[in-house]
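Trainee: Residue strings, one per chain:
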Amino acid sequence: MAATTVPDKTTRRHAGRAAGPRTQGGRGGLSRKLSQNLQAYGFLIGAILCFGFFSWYPMVREFIMSFQQTRRGVTSWVGFKNIKTVYHDPYFWTAWKNTGMFTLYALVIGFVVPFFVAILLNELRHARAYLRILVYLPVMLPPVAGALLFKYFYNPEYGLFNRILKIFHLPTSQWLDSSHTALISVVVAATWMSMGSATLIYLAALQNIPGELYEAADLDGAGLWSKIWHVTVPQTRLVLSLMLLLQIVATMQEFTNVFLMAGGNGPENSTMTVVYMVYQYGYRYNNFGGAAALGLFLLLVLAGFSGLYARLNRNAD
Amino acid sequence: MSRIRYRRLVAVALVAGIGLTSAACSSSDKKDDNGGSKASSSSAGTPLDPKTKVTISVDCMPPTTKKPERKQWLDDIAEFHKTYPNVTINSKDTFPCEDTDKFTAQLQGSSETDVFYSYVTDLNQVLDAGQAADITAYVNDKTVPNLKDIDPNVLAILKDDGKLYGLPTTNYSMGLVYNRKIFKDAGLDPDKPPTTWDEIRTDSKVIQDKLGSKGIHGFFEYGAGNQGGWHLTSALYGAGNNVVSEDGTKAAFNGPEATSILQTIHDMRWVDNSMPASAGKEWGESQKAMGAGQIGMYLAAPDDIQLMVQQYGANFNDLGMAPIPGGKTSLMGGNDYFFKKSDSPDQIKAGIAWINFKFLTLKKGQFNYARNKTDGIPVGLPQPFFFTGQSKATDTADKTQYATVPVQNYKSYVDAQVPVKGEPPNAQKLYTVLDTVMSGVLSNKGADIGKLLSSAETQANQLLAAGQ
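Quick note, the sequences are listed as chains Z and B, same order. The numbering of the first sequence is UniProt numbering, which starts it at 1 and goes up by one. The numbering of the second sequence is UniProt numbering, which starts it at 1 and goes up by one.
Bear in mind the hints are in silico, worked out from the structure with no lab data behind them. Treat the hints with caution; some may be incorrect.
Derived DEER-like restraints, expressed as beta-carbon distance ranges [stated by the list, open to error]: (1) B:109 - Z:308: 35 to 45 Å; (2) B:109 - Z:136: 32 to 42 Å; (3) B:148 - Z:141: 55 to 65 Å.
Footprint (simulated), chain B over chain Z, 3 or more residues, beta carbon under 8 Å [said to hold, decoys possible]: (4) 122-133; (5) 154-164; (6) 254-265.
Only pairs whose alpha carbons sit at most 27 Å apart, straight line, appear in this in silico DSSO-like list of lysine-lysine [what the hints assert, rightly or not]: (7) B:142 - B:159; (8) Z:84 - B:445; (9) B:421 - B:411; (10) Z:81 - B:250; (11) Z:166 - B:411; (12) B:250 - Z:166.
Note that the Cβ used here is the ideal one computed from N, Cα and C, for glycine as well.
Let the sequences and hints guide you as you build the complete structure.
Mentor: Following this line, the structure appears as structure tokens:
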């Protein structure tokens, strides 16, 4: 390849740095570097400003706020008081339990179902494009509209689901109005609304698997499950693990659906999630320090998951 | 950077970016000075000089969909200008006047108007955000001529440490709204609404038995969004109970009255089936159901009546108002205007002059009943009731003269004169706890009320001890 004889800009830059970056130091070196990369910095500046203002600055503020308290317009440092307060909140563990359960249900339903729907779509020979659109349609529905639609479906008196059950003389359910079924009802609705995106991503990954691998598996006498387990899953491992992480990150921050469908805390606090509790602290209790402290707890847990993800991938590499 | 490190960094950044921002909605630095507003001006107690040129922004202007109210607002500004030609009022139309989430965000961002609308129960929140000016020095019988007749209990809700921060515009106390037509159709006497929880249960069952086949339920109760807790507090006040001890350090709701009320609600829901099956009801749903003639009764404030007529197609003749069951004390609420801490003394004076003209002067502004009658705005609803003495007598006479709604429908509520009581300290936290109790009763047929109350008591004590 030509790259071995005609170094491109990148390799030239690296070569120069290797030869003695310190000799290039100082104002002259810096300005030369800046002028060399001016175009790249120009492209970057918008993204950096956006991230700076809308992501990183709020994060820094949030970290600071978690150690502050504002009373009568006076903001003061309170050390770990906010963290202790939220930790000793009687609903702290309830919220974590619900969040954990929500994530678990969402993984069982929202992670596995789209994967198998994608496999099914991939195997179809006819009407695949139409079905793809059908599967993706709920994603196009505004989340608020979807949540309110399901709230109506779940109504124990006149909702669609109980009407269908009654037609077949099956026992009806309280759905969102029972502490036993509220959380899972929200998960089902949330999965329906979001599975289209995951399905399409899985489908794209499946279509990149070379057909020869399945042919070889067929020749070896592999059955359907064997092919899925030994060919499909390993070939889509990277996508699966990334989707798993994204799913955990997204579901652990569940707020919209529980807020709209179950009034936030739900029957006997059965749908109170950590992020709903953050909302309660901020917008109901007017305790933004407490809300920020809860956000820190959530960050630590999610950072733990991401660390685990990175470790698993490093091992896999 | 190696691929692995890069991937790890991306993963952590992704999580951090999404995770932390959920709690970082507020970013405003609070002012560290706690000095008063410029209230110490020597001329603070004098009315605004009509020659003073000043501009104020004021929210809660009625929206375009409320044509008569909006027209009256604009007409009142024009009339106000006759006295104060140099005051410019920039009105912001908002409906509802206060969205609690938006209001919180505005306070955090100091983006409220110079004179801003609020619920009277928001005082602590507004003060903690450092957004309200101390108007004590500005308010006297020269700037607010009817001041001596405003109920001191109402003004007390707007005071902190002896300092006044707001002026009331309306107030209410909780009671029982009921559908007189449904009562009549069910064979009940609409002039004898229930006054105890036992009577509510009896009437609710009659309504269900007679009209249940038409999809009509006897009673309605909230069980989500802290509103179940709010209603349980109202019910306990009606029974003469407190929800916290006098010093505000201990929960005081766990007692025979609470057990009895909750048992009645449970039995209405699960034994008599005279309540809707859905437990997760919130504010707005009861008004909609009552407006559509689907429920017989629910706990509410009188302002719900106007809302149900204007927004949900109810008829004034069909709606009645009775005192809160038990009738010992009633939870009071209402609305007011605060003055932004950064207002100049002249802005505060101009704001007080406007609020006084629009909301606190008999026969003017909201009390111009003759105009309300002409414009089709209901006259005769049992609120506001913050005037005492001569002002009250004049107001009652005017209201009776120009009444456009059937005032006899609210007679039992008005005659009862139930003493009012403000919200408990840490109200929203207590409502969250009591919500659990209410939703437990409404969603679980086998609910153990004693256990629900004990558990809630422990949780409330934890919250109160934390002194958040």
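Trainee: So the hint says 55 to 65 Å: do the beta-carbon atoms of residue 148 (chain B) and residue 141 (chain Z) match that?
Mentor: Hint holds: Cβ distance 58 Å, inside 55 to 65 Å.
Trainee: Hey, residue 142 (chain B) versus residue 159 (chain B), does the alpha-carbon distance stay inside 27 Å?
Mentor: holds (20 Å)
Trainee: Verify the proposed pairing of residue 250 (chain B) with residue 166 (chain Z), using a straight-line Cα cut of 27 Å.
Mentor: Violated, at about 48 Å.
Trainee: Taking the Cβ atom of residue 109 (chain B) and the Cβ atom of residue 308 (chain Z), is their distance within the range 35 to 45 Å?
Mentor: holds (37 Å)
Trainee: Under a C-beta cut-off of less than 8 Å, do 3 or more residues of the segment 154-164 of chain Z approach chain B closely enough to confirm the stated coverage?
Mentor: This one holds; 3 residues, not fewer than the three required, reach chain B with a Cβ under 8 Å.
Trainee: Quick check: do three or more residues in the segment 254-265 of chain Z have a beta carbon closer than 8 Å to a beta carbon of chain B?
Mentor: holds (count 5)
Trainee: Holds or violated: the segment 122-133 of chain Z covered by chain B, criterion of 3 or more residues with Cβ-Cβ distance under 8 Å?
Mentor: Since three or more residues must qualify, the claim that chain B covers the segment 122-133 of chain Z is violated, with 0 doing so at under 8 Å.
Trainee: Is the Cα-Cα distance between residue 81 (chain Z) and residue 250 (chain B) 27 Å or less?
Mentor: holds (21 Å)
Trainee: For the pair we were handed, residue 166 (chain Z) and residue 411 (chain B), check the Cα-Cα distance against 27 Å.
Mentor: It is violated: about 45 Å lies between the C-alpha atoms, which goes past 27 Å.
Trainee: Taken at face value, is the distance from the CA of residue 445 (chain B) to the CA of residue 84 (chain Z) at most 27 Å?
Mentor: It is violated: about 36 Å lies between the C-alpha atoms, which goes past 27 Å.
Trainee: Using the C-beta atoms of residue 109 (chain B) and residue 136 (chain Z), is the stated range 32 to 42 Å upheld?
Mentor: Holds, since residue 109 (chain B) and residue 136 (chain Z) (Cβ atoms, about 38 Å apart) stay within the stated range.
Trainee: Hinted pair, alpha-carbon criterion (27 Å max): residue 421 (chain B), residue 411 (chain B). Please report holds or violated.
Mentor: Holds - the C-alpha atoms of residue 411 (chain B) and residue 421 (chain B) are around 21 Å apart, at most 27 Å.
In summary, the numbered hints that this structure violates are 4, 8, 11, 12.
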